[in-house]
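Peer 1: Sequence:
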Amino acid sequence: MGKQKEAGGLRSFVGGGFGGVCCVVSGQPFDTIKVRMQNQTGGALYKGTVDCVTKTVKNEGFFALYKGMAAPLVGVVPIFAVNFLGYSHGKSLQLMNNPNKVLSPLEHGFAGSLGGLYMTVLIAPGERVKCLLQIQTTGKAQYSGPMDVIKQTYRQSGIRGIMRGTVITAVRDMPRRAATLQLTRPVSACSGKNPEVTICRFSTFL
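Residues in the sequence shown are numbered consecutively from 16, following the numbering used here.
Worth flagging that the hints you see were computed from the coordinates, not collected in a lab. Ideal Cβ positions, reconstructed from N, Cα and C, are used throughout, including at glycine. Take these hints with a grain of salt, some might be off.
Using 25 angstroms as the maximum straight-line C-alpha spacing, the simulated DSS-like pairs for lysine-lysine come out as follows [claimed, not checked]: (1) K73 to K106; (2) K49 to K62; (3) K49 to K70.
Label-pair restraints from in silico Cβ distances [as the list claims (entries may be wrong)]: (4) S107 to A59: 26 to 34 angstroms; (5) I183 to K62: 43 to 51 angstroms; (6) V65 to C37: 23 to 31 angstroms; (7) V92 to Q171: 47 to 55 angstroms; (8) I183 to S159: 24 to 32 angstroms; (9) G160 to A194: 32 to 40 angstroms; (10) L118 to V65: 44 to 52 angstroms; (11) G76 to Q109: 45 to 53 angstroms.
Work out the full structure: start from the sequences and follow the hints.
Peer 2: Pasting the structure below:
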């Protein structure tokens, strides 16, 4: 039984990591366009989303849509691992006085929000690096790649520069992870499937 549980946990972790990689690859072009639209300064460079896509591909090539992807791609598996670690700690905190207690969806949501807080530590630097690379357009690039972003940012602003945006990232991710856990528990109960596997798949999808 112990081996089966261990194998199930490993499958969930690997499946979550692979799903996370797929999410990054499929979502990166949309994220690049969103960041570029948000960071227009002075006169508007783009008339709209379609114009932004057209100009980006025309001026910089198709793979410009994937600028900054390395940082989130490298971090996605440990991010999922840390998320589930935080979720586990959140459950443990609520079961300290009564280990046999059945947690409510709201309590699972609290545990999920703790997972969201944990993962922010890894997500925030990756988001910072990704955004700085995405807003580079034509002309001489300020950064040659993710490591160059980290070096230059650290040289200019120290660790605070790399971690800029951590608080707002936590404000975004804690409610999202809480909602994920609150939704997946009833779904898994109705389907009769392993809740942990359902949570892993559903949170990867979100």
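Peer 1: Does each hint hold? Answer for all of them.
Peer 2: How the hints compare with the structure:
| no. | hint | result |
| --- | --- | --- |
| 1 | K73 to K106 | 50 angstroms, violated |
| 2 | K49 to K62 | 13 angstroms, holds |
| 3 | K49 to K70 | 14 angstroms, holds |
| 4 | S107 to A59: 26 to 34 angstroms | 51 angstroms, violated |
| 5 | I183 to K62: 43 to 51 angstroms | 28 angstroms, violated |
| 6 | V65 to C37: 23 to 31 angstroms | 25 angstroms, holds |
| 7 | V92 to Q171: 47 to 55 angstroms | 30 angstroms, violated |
| 8 | I183 to S159: 24 to 32 angstroms | 27 angstroms, holds |
| 9 | G160 to A194: 32 to 40 angstroms | 35 angstroms, holds |
| 10 | L118 to V65: 44 to 52 angstroms | 46 angstroms, holds |
| 11 | G76 to Q109: 45 to 53 angstroms | 51 angstroms, holds |
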